[in-house]
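Make a model of the complete structure from these sequences and hints.
Residue numbers (numbering that gives the first Met the number 0): 0 to 827.
Just so you know, the hints here were simulated from the structure itself, not pulled from any lab data.
What you are looking at is a predicted structure, and each value in this text was computed from that prediction instead of being measured.
The C-beta atom is built at its ideal place from N, Cα and C for all residues, glycine as well.
Worth double-checking, as some hints may not be accurate.
Claimed, not checked - In silico DMTMM-like cross-links for lysine to aspartate or glutamate, where the CA-CA straight-line distance does not exceed 25 Å:
1) 77 - 121
2) 641 - 583
3) 644 - 678
4) 177 - 456
5) 79 - 118
6) 720 - 678
Claimed, not checked - What follows is a list of derived Cβ distance ranges for each label pair:
7) 678 - 185: 54 to 64 Å
8) 34 - 367: 42 to 52 Å
9) 456 - 38: 29 to 39 Å
10) 649 - 372: 48 to 58 Å
11) 448 - 186: 49 to 59 Å
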Amino acid sequence: MAETDSSFHITTGNNNQKIIRAPTLKRGKEETSLSNRVKLERVLGLTVSSNSGLDCDPNTQLIAYPAGCAIVLFNPVKNKQSHLLNTSRKTVSSVCFSPDGKYLASGECGHVPSVRIWDLSEGTQIAEFPGHKYGINCLAFSPSQKYVVSVGSQHDMIVNVWDWKSGVKIASNKVSTKVKAIAFSENGKYFVTVGNRHVKFWYLEYSRSAKFKELVPLMGRSAILGEQRNNDFCDVACGRGCTGDSTYAVTKSGLLCEFNNRRLLDKWVELRTTSANCMAIGENHIFIGCAEGIVRCFNPSTLHFITTLPRTHYLGVDVAQGLNISHMASHPKNAKYPDAIALAFDEISGKLSCIYNDHSLYVWDIRDIQKVGKAHSFLYHSACIWGVEMFPSMNDNTSIPSGSFLTCSSDDTIRVWNLDFTDFQENNSLYRRNIYSNELLKVLYVDPDFTYLKDIDINNTERSDNTPYDSRNGVRSIRISPDGKHLASGDRAGNIRIHDVHSLEELCLIEAHDAEVLCLEYSRFENNEKNLLASASRDRLIHIFNVNEEYKFVQTLDDHSSSITSVRFLNTNNQMHMVSCGADKSIIFRHLQSNQFTRGQNAAGKTTLYDMEVDYTQKHVLTACQDRNIRVYSVNNGKHTKTFKGSVGEDGSLIKITLDASGILVATSSTDKTLCIYDYYSGECLATMLGHSELATGLRFTNDCTRLISASGDGCIFVWKVPHDLVVTMHARLSQQAARAGKKLNGIGIYSAHNEIFSQTNVEALDPNANSVPDNDYRFSVGPLPLWAKKQISEKDVPAFEAPRILERPKGRWAQRLDPSDKRLDSD
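Here it is in structure tokens:
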């Protein structure tokens, strides 16, 4: 009997027959789904808009809050995150832990939203209840954990009670006003909802037939409000322990009210604040979140004031200067503070989690209520993020730590982030780890008045006419110069600002455009070339500036007929080229001649082009198209050379496209809120990701190819971990490229190919669009050929193999009927 190789897998069938399986066999092999290949590693941001979006579990000390379509589970003990992803791509609006901490209920907004129950031990969804029309404002577990109550938005205003383990709705009723909060009594006999001029007690006394399981009306009784009947009640909590018969509610005007077991407003106390937003309760403390960063603490038995928690950072704080906790005590005169909008109290560990409307999260240690300390804090963007930029790998640079990246936002800030805690230089004077937010190294405030740092949309459903939003605020685009010295940013008013990266001093302000700056691009700095900056705008103009002459104006190009979405510089044959694309469906190729760019080829497409990227060889440009395809064009002749799909979905358009440093992987963002990673060479989809509640406006691979960073209109930054096998492939390709170019790898094992120009003989093998020519290792027979062909071959010196010719496009009307991607007539 022959011996079996040990690498083969041997199993025993039902009839005791041995089955030997080859390790390379693909048949019957379980493959990892595309959506599970790339894991979400970190979320920098949150989308909490009310107290229903924050909860904590005393059993595990986990803190849950939504970030777009993801739920972040933060462990303050380990200082780590885990995540739940809502595959329905609906924005998570509310979260609630079960009393035993094993399950989490979530509500969402969107068409036909669902209540979802998650098993936290497995991280999977185990139940779903689509019982509302357009949104779920709040939800709560009953103390017995048998029921979940959900309240719909003002569009349906329905209160549903679910027996979630049985999967049925047991009771339902409508309310007359928008419900803002819900709370269960400690004994589980009733729950309370509050809203504008609304405090109502709902009782779970029902006679439900076990045989037919019919739905019964939910019984409710309104509270007796007396002279406070016209107040807007924004949050509610039921008493614990000795105050279990009491119910507490807080009004927007700043009153803390107590209701007795007869639903009567028994007493109230003024909070001495301009407005109150949220509350959290324990047996001995009630915490009220108010405007201007104020959190007050009261005794639930007597409503006597206990203390006021320390204030957070002031708006406009320089986080890099916060090296010790004493920095939080120093505040400038007339400083402004964010409003507290959500509170969650873990009475066992003595931690109070608080979220503010500048999208910051603080975890306060209140074990000694008279000496409150800060356990954790995080500062995030408070508005739409428009762009992500990786800081280039510079071996001689010490200003920004390696691995740092920048983001720009409509909150008028540019922020510098770094996730690598090990590789950090403590002697850095400008970019430092700080007490405010570990990942946030620096905040550059473009607006000196800090007008847009607060998210004014929160708790403001009816926006007034004098709102400061005029759609012209915010930093729309950013770009770092190839030498890492300058940071260029364009705002939504058309201005361009240049900052020195080492000092963050503003070098110049350029009033360039009449509309928002959609794209900024530096040329690749070479000793023999001009260093240029190009800006493209919605006003259909491209401006060129000379970096070496203090950004002196050089040229204006006006040959696009619509918004210009992307501009790229590249060098081929020792000549500088510039390529631009826009909403007019055209790609214009230009080359530098006598210090001016002259127009060359013009590639006209059939769809709007939203973004563009240059491949590693600098011979081709990739475009993100409205029809979800990626089209590749040759720089030399402007012809379309390749097309492959850029999204797995059948809806939406491609918005962003980016290549990794090796030029192997292409990452795309679509308006259906999904992200995809493709193999540039084969066009195969390698992974899909979801989690953002708005489209991803920024997309970048990190310099070491291990992460993909996406930023979205929901104000959140997602950090995705690239699979190890893909990282190994990219590292191997980078090593090959470095060897061909005669360069050395940097300290982290990655060669920075940024701004390097390689000879054409070296990059031919790396060109995914080049026609491959096999080796001439076989005989070429002319036997089967006709006589006229044999005669031509005998007259010419023909090589053994000739690369296939590219099909030429027909002229005239036929050209419009031919798809260059498959070379087939539309009528075929």
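Handout entry: Hints that the structure is at odds with (numbers, increasing)
Key = none
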